[in-house]
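Chemist: The primary structure of each chain is shown beneath.
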Amino acid sequence: MVAHTTSTKNISVTIRVWRQAGPGQPGKFVDYPAKDLNPNMSFLEMLDVINDELERKGEDPIAFAHDCREGICGTCSLVINGKPHGPNRAIASCQTYMRSFSDGETIIVEPYRANPFPVMKDLITDRSAFDKIQQAGGFISVRTGAACDANATPIPKETADLAMDAAQCIGCGACVAACKNASAMLFVSAKVSQLGLLPQGQPERDTRVLNMVAKMDELGFGSCTNQYECSAACPKLISHDFIARMNRDYLAASFRSAFKGKPAVNSGGGA
Amino acid sequence: MAQLNSRIPSGPLADKWRKHKTEIKLVNPANKRKYKVIVVGAGLAGASASATLAELGYQVETFVFHDSPRRAHSIAAQGGVNAAKNYQNDGDSVHRLFYDTIKGGDYRAREANVHRLAEVSVNIIDQCVAQGVPFAREYGGLLANRSFGGAQVSRTFYARGQTGQQLLLGAYSALSKMVGAGAVKLHVNAEMLDLVLVDGQAKGIIVRDLVTGAITRHAADAVILGTGGYGNVFNLSTYARGSNATAIWRAYKRGACFANPCYTQIHPTCIPVSGDYQSKLTLMSESLRNDGRIWVPKKKEDCEKLAADIPEEDRDYYLERLYPSFGNLAPRDVSSRAAKRVCDEGRGVGPGKLGVYLDFADAIKRLGEPAVRERYGNLFDIYHEITNENAYKTPMRIYPAVHYTMGGLWVDYNLMSNIPGLFVLGEANFSDHGANRLGASALMQGLADGYFVVPYTIGDYLAGIKPGSRPSPDAAEFKAAEQHVRDLNNRLLNAKGKEPVNYYHKKLGKIMWDYCGMARTKEGLEKALVELPKLREEFWAGVNVPGSGDTLNQALERAGRLADFIELGELMCRDALTREESCGGHFREEYQYPDGECKRDDENFGHVAAWEFQGEGKPPLRNVEPLNYEFTKMSVRSYK
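These protein sequences, in sequence, are chains Z and Y.
Quick note, my numbering runs 1269 ahead of the 1-based positions in the first sequence.
Quick note, my numbering runs 1 ahead of the 1-based positions in the second sequence.
Among the chain Z residues that face chain Y by a calculated CB cut under 10 Å, a handful are:
1. MET1315
2. LYS1326
3. ASP1336
4. LYS1426
5. GLN1463
EDC-like mimics (lysine to aspartate or glutamate), calculated; alpha carbons at most 16 Å apart, straight line:
6. Y/LYS497 to Z/ASP1329
7. Y/LYS507 to Z/ASP1321
8. Y/LYS499 to Z/ASP1329
9. Y/LYS499 to Z/GLU1322
10. Y/LYS497 to Z/GLU1328
11. Y/LYS508 to Z/ASP1321
12. Y/LYS634 to Y/ASP602
13. Y/LYS507 to Y/GLU539
14. Z/LYS1326 to Y/GLU500
15. Y/LYS499 to Z/ASP1321
16. Z/LYS1426 to Y/GLU375
17. Y/LYS507 to Z/GLU1314
18. Y/LYS497 to Y/GLU538
19. Y/LYS507 to Z/GLU1322
20. Y/LYS497 to Z/ASP1321
21. Y/LYS497 to Z/GLU1322
22. Z/LYS1426 to Y/GLU139
23. Y/LYS499 to Z/GLU1328
Chain Z residues, not near chain Y, derived (Cβ > 12 Å throughout):
24. VAL1282
25. LYS1297
26. GLY1489
27. ASN1495
28. ALA1521
29. ALA1527
Quick caveat, the hints were computed from the structure, so don't treat them as lab data.
Ideal Cβ positions, reconstructed from N, Cα and C, are used throughout, including at glycine.
Using the sequences and the hints, build the whole thing.
Modeler: Written out as structure tokens, the structure is:
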């Protein structure tokens, strides 16, 4: 549940923000006061207000990634007080409201810290590695127009619901930022599980998991050591059960590809 | 004056698309790989078009301003996607979906386009299921449906409250496959800032890399825009903050006609505004109206009371009262205006009395809380996050907000604009929704255009071009367009005024909402047309964009987009002023029936207004495309 201050009185806070001019450049924390804030203001709106003030003075505004501001596009990616997406469970940065903070607090705002997500500027990181993993196998190959009638293959409701649980991933990368190993296992397992659960995903089930895991390893994401910080930080509460499911799929696919006589895809650190 | 040939095929309505497909020119498979197509945008329309064109063998280059194609705002659509599958055996058909959509659009869309949309709707569901989109299912394993506003059948397919997300991720997966296969070259963080014309045809774009600031030229045989709508003209809307009109606006300034810019959709069920710092309004899916009941107190003096303290007999379920046959499922424009009217009467609830109740007490009594949670749980969670209120216990408060723009670049039946070689898909074009869009129809149109229309129709254009005749990006036209973009950015960077970009965006939003919002008048629009040019001057003289153009500079991005929004706002007001009737989302107070319903003027305004740029400082030209209704009768829309 969300921690809410009961007061509806305006609050004032200090924002301690990571400023970094560009990739590979040194960065530092800079303090900005944010005064007299309505507790119903969103965290990003608070940053907007600071930025308007900076722009008014001709100073460089704080760069941060955001778009839909309703928790679904996965663009926002702040680490607030050491937690990816801030203090509230199952909430993205953009849906964090100032009522979650107390008057007089100093709030530390940082970008994701993970090698596969280099900082581009201030609070913005490059998460294109996630797209590359998708491109390696996160799909069902079906040419447009080649599909059969949608009701031709009934799918048990429980299966469809479980696939939907996995499919909800917004690709924000908080799972990677929360993991001490910068592992992308939760992200990858969500897509592998969604497609692997559905009958339509069976023909490519083995190659999908082998290729996606290989790409994940190649891009420098770490291994999973079962601490489940990823699930705890996930704004959609994607369950770490999907990681177990992917490990099973990966093992089975590795065996099958070995017995088929085809070389197993180079798996690096494995799943 | 632009040539507006809609190129609607002759023959019976239901045969037009089939006939057209067999008659338009084809590109042979060996030649397809010689043509390059640029696609701008990777929402439902752009991603599905990119993937499909690459599957067909064309060289495709896709440009998105986001850091990933998966971020496009199609992702935020909640409720569902319509399709005439008739899986519920409730009497649905392609014709009914066509008819509901044409009527819902208040008879201001083209019959042939809408019929095609209804026809291909069934293919969309098949395609998405095959891609692994986890639509909601019944216990027997078959697909589930629900009903949506403006329809009396259950034809909406959905994936919890995240249908747009799942459809977009399906299209994104198809696109990703083609990127991985090397068939699509994907450019992320790449914003289109100009369209390049060579000999009057669209042959490329100018792009700014939002990370490095580099400005580059890209040539192609055809250009497709799937860049979404322009609701952020109003500043506060349900759009993503980054949604912008720059691609279509700059194409307009290169000669593409802009059709019906004043047709904007105000969605009835959004969370009300809470303060002037606000950056965004959040939609509560229309699907909530299936089970929620909308009401306000009958008496003004009850508005300050808690909802629970107002007895049943003192509540006015005004949609059920005014529109008994559609009730809470009346179309969006009708529902929004009804909410505005009761609030204008002083019967609104919540802060500023700009809100109405959406109450689930009856549904919870009838179905139990778990069933309501199963259907709408994530929406109730969103509501709780934003308002800190529990909608299982007290009714939601909602108010209309800008949600969609039916207007857009003019296109013919092939989805090609009046600039040969420039195709426009999805919300960026004007073609299928008339003056009002029905719920669950936007996803349908985006995917129809991208998967099932443009992959056929683009061939008709490309077949007429000699393979290999593509101009070089070093041609003079490209260099001139690049210089134009550089000059524009430098002007913004060098203004060095006193106010941030947002200051002007808020001002623009207020003018547009006050004078070109839910209700419009001649006086108001004339006033806006005096204020907007002033705002434009103030902006260019007074804006302060810090930093330089050769680095990641979000203030510069926002400034460029706002410059375009201000000009587009002016065109919207001009269009609203000259359309002297009320229809769908365009409501002119002077033109209404005594009961407050839209009074159309089919004789004088049964047409598309397609505005043509005439040069800076000159009034644009209003071209007209008549709407010929051959198969349905333009009648007074009634939901009573």
